[in-house]
Amino acid sequence: MRDWKKYVRERLEIPALKALRDQRIVEELAGQLEDLCREHLASGMPEAEAERLAVEHVADWDVLKGRIADAERGNREPAAGQWVEDRAGRLERRGRAGEVLAELLRSLRFSLRSARREPAFWAVTVGILALGIGATTTIFSVVDGVLLKPLPYSRAERLVYFHNGSFPLPRVADFIENTTSFSALTGVWEDGVDWTGRDQPLHLAGALVLPGYLELFDARVALGRSLLADDFAGEPHRAVLSFGAWRDLFGGDSGVVGRSVTLRGTPVEIVGVLGREFTSPAGLTGRERDVFLAMDPRWQQIQGPGWHVIEVYGRLNDGVPLGLAQSELDGAIARLADLHPQLHRGLGGALKAVPLRPLQVSLTGGVRGALALLLGAVGLLLAIACANVANLLLARGIERQQEIAVRSAMGAGRLRILAQSLVESLLFALVGGVVGIALALGGVRAFELWNPGGVPLIERVAVDARALAFALVVSVLTGVVFGAAPALQAVRLNVSEMLKEGGRFGRGADRGRLRRALVVAEIAIAVVLLVGAGLLFKSFVRIVTVSPGFDAEHLAGVELRMGDDRYGEQQRVQFVSQLVARVRQIPGVRSAAVSMSVPLQHFGNAHAGWWNSEFVNDEGVAVEQSTLMQPVTPGFFATIGAELRGDDLGASAQIEVPMPVVVSESLARRLFGARDPMGLVFRGLPQRDGLRELRVAGVASDFHHWSLDHAPDPTLYMPWGRLGAGGEMNALSVRTDGDPAAVLSSLRAAIWELDPGMPLPDVFSVPQRVARSVAPRRFLSGLLLSFAAVALLLAAGGIYGAMLYTVGRRRHELGVRAALGADRPRLMRMVLWSAARVTAVGLAIGVAGALVSGLALRGLLFGVSAADPLTLAVVALLMGIVAMAASLVPAWRAARADPLEAMRAE
Amino acid sequence: MFSPELKKGSVELMILALLDDRPCHGYELGKLIELRSGGGIKFNVSTLYPVLYRMENDGWIAGRWVERPGERRRCHYSLTHKGREVLDRQRGDWAAYVSAVNLVIGVSRA
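Top line first, the protein sequences correspond to chains A and B. When the first sequence is numbered by our numbering, its final residue is 906 and no position is left out of the sequence of numbers. When the second sequence is numbered by our numbering, its final residue is 110 and no position is left out of the sequence of numbers.
Bound-form chain A, shown alone:
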């Protein structure tokens, strides 16, 4: 008879069973097999046959093992476990690959069971990972939609934009005729057009397009036809509507094709409606045009070299790289500069270079920096989350060492333990990823809701398949990253060492070092994030506390659309004098004046206006200075609340010779140096026979005309009646006693009282415009501050966990010290000191990292240096305080170390 106990013992190996029970199970099973065998023997069967029949009772020892293990865990519903065991057992018989799969399957089941055993641990770990993965996926979705996904045009990567603003029509013609790199080259003048001749005048977003524009962007028509060659002749007189304008303005009436409407004061025939799917480049940045008018390239009205209005787009020929097209363009400009110097040469004769940009880059240029910054920031946040979870797993690893040691002793290979550890990490990461995706869905929605506008292509942002793939990859990577440390720890566990130590594990100096390194990394990354957020926040505070140089609080503005089609110079003068008088009667209005533009009216577009740069000062010295020309009516400076020394260009200024002007302080310095400019006569404002003679009648303070973070430009103010009334670009400034938003509707009514046909697209309160101009900074700094706050919290958690673990590990030593007479404050100091050392190292690395990463921030800062000592000091102090606070509880525990416990342990 065979030794049945030996037979069973060799086949049975059950983790997590107590040795005594193990013994009993072996004996009981062996006994039953032996009884079976004896029964067969008694019936006269040969011994070999009897043994075979007994052995057949246990066909699959793994299944049996699984069932016993389930019974051991009190699992009354072993179906799932058994299913896994059955499958694993079958897989194992299929060779090496099968064994690995079987091991993965078992590990998976083991991990799932551990989730049931330790729900709190799982919740915390998954929560941290979900936060990291969710934030990263959110920002990735935004970056993907805005920067990475190709534009909705065929072969969009070959579309280029002529950077550097807008060009005069003849210059565009030069580009078209003298380059061969482009299969198409065309342009557009995006201009507001007034639709009149109906009950209420309406201001439309218009686009005057050159031939080929609609085709370049794959426009198809839903109704009627597109613009044809014949349409591009003479005054703009044929147009197609965008789908949105057709739906919203014409109620989707299919009879609109062939109708004539009055645009820009002339009749224009609508020949078609564009398809719903068409989006122009302007539309991609949220400024879709309502109507596209055909513009004759030889249109006389804008042939002058001063009309910088055409934006140029092209499609590169196949096989022509951007660089080649650029050098061709540069060469063409150099050649043409001699032929048309007024088009291709700037002041002083320098060539006006035109950089080519891929269309997508040019559309998103303004937000690239900020988005890259956010992506970097969430990357750091994710890194902290990983370090934190790695630390949590290491800490739990200590508690699990006994289990792992027993399993090793029972023959579980390193592969098995490594697999177990990694599978669990991946499971954490994937569950964290799933929750993170849910967070990202909300995050993207919140981003769309709260972003202050100005983010191009934002409607393409979505948590789609690409974002899901990204989240999956990030989850797996994080799983591997934070799982590596605990997995290696598990494999490197020295079993015999541990078993000898009799259950007091974890003396490994390695592990302590690893955990400290993780905490140092967390602190360092948190410091980098805190410094970045701090610098941006300080920039934001600096900007909102910038003195605008005028009284922004009590200012309202109105764009006055007095187009050439409806107004001559005389009518404008008459209208403005009536308007100013009428507006002053509105209750709550203190004064009003007209100028070319109101401060902050055009924030974000620091070019809108009339510029001149040629001057000759009172001593006959030519001065070149790009200067904003601002024709103003009397009372302008008092209305906007700017400081003025001298005369405000009152009634007599309309006729005096030389023409009286007001110079801004910066222009005065540039023209006259330190001399008192009052009364000096200089020359500027080119007219046909050269520069005009001008007399300085006053000096105005510099103020922020474009936005709070745009330095004031040198400005020349002259009488509106002499030089402003001739132009179409005019605006009304109104000074109020209280909130300017309260008078906006009265302003509209007053204007329509005088001219019922005037469209009013822009009636605004300047304080609201100030708020809008700083909103992107507020958003960015707010977002970064919240990331930094989460990072701080995670780092604090990391320190807390690490110190608690250290104290736990040194409990024995602390007890001995207490027994030897160390008092409580001394024990507390010991722990705090050790926390302080870790924090100091993290701070040092973090500050160094912040100084380096600050370089990337420079473009986004305002009035604060990337190495701002105050910000660094505040962050270091904050981090130090938080670290010490997080160490207090562990220190207090250390102070309560019990000498008796230490004795007993010996």
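It is worth saying that the hints were derived from the structure and are not from the lab. Treat the numbers as computed from the prediction; the structure is a model and nothing was measured. Hints are supplied without guarantee of correctness; some may be wrong.
[What the hints assert, rightly or not] In silico BS3-like pairs for lysine-lysine, Cα to Cα no more than 27 Å straight-line:
(1) K42(B) - K31(B)
(2) K31(B) - K6(A)
(3) K82(B) - K8(B)
(4) K31(B) - K5(A)
(5) K8(B) - K31(B)
(6) K82(B) - K31(B)
(7) K82(B) - K7(B)
(8) K42(B) - K5(A)
[Said to hold, decoys possible] Far from chain B, by Cβ distances over 12 Å, these chain A residues were calculated:
(9) A184
(10) G512
(11) R826
(12) G854
Here a beta-carbon is modelled for each residue, glycine too, at the ideal position from N, C-alpha and C.
Using the hints, position chain B against chain A.
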């Protein structure tokens, strides 16, 4: 033979009922089930043993090692108080279940 699912649903009840008569050891329980079912129900060791182990863990039965002269020691299982309660409940449930199933499938009591 009967399907494993069918047997699985009743194995605990059979063991409890057998132990209600007298304490038995594991091998004996397997044999008794086979005998009393007229050879219709057989369990092999790898099925029966984990069930016993779990029932003991749950406190329905208690194992005691008994040594007799000339024999190796065996673990004898007996019903605990808790096990008796479970048996009463399961017997009632079983009878009700069987008659309900019979009503459904149209088997009349002979």
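- Query: Which of the numbered hints are not met once you compare them with the structure shown?
  - Reply: Of the numbered hints given earlier, the structure breaks none, since each of them holds.
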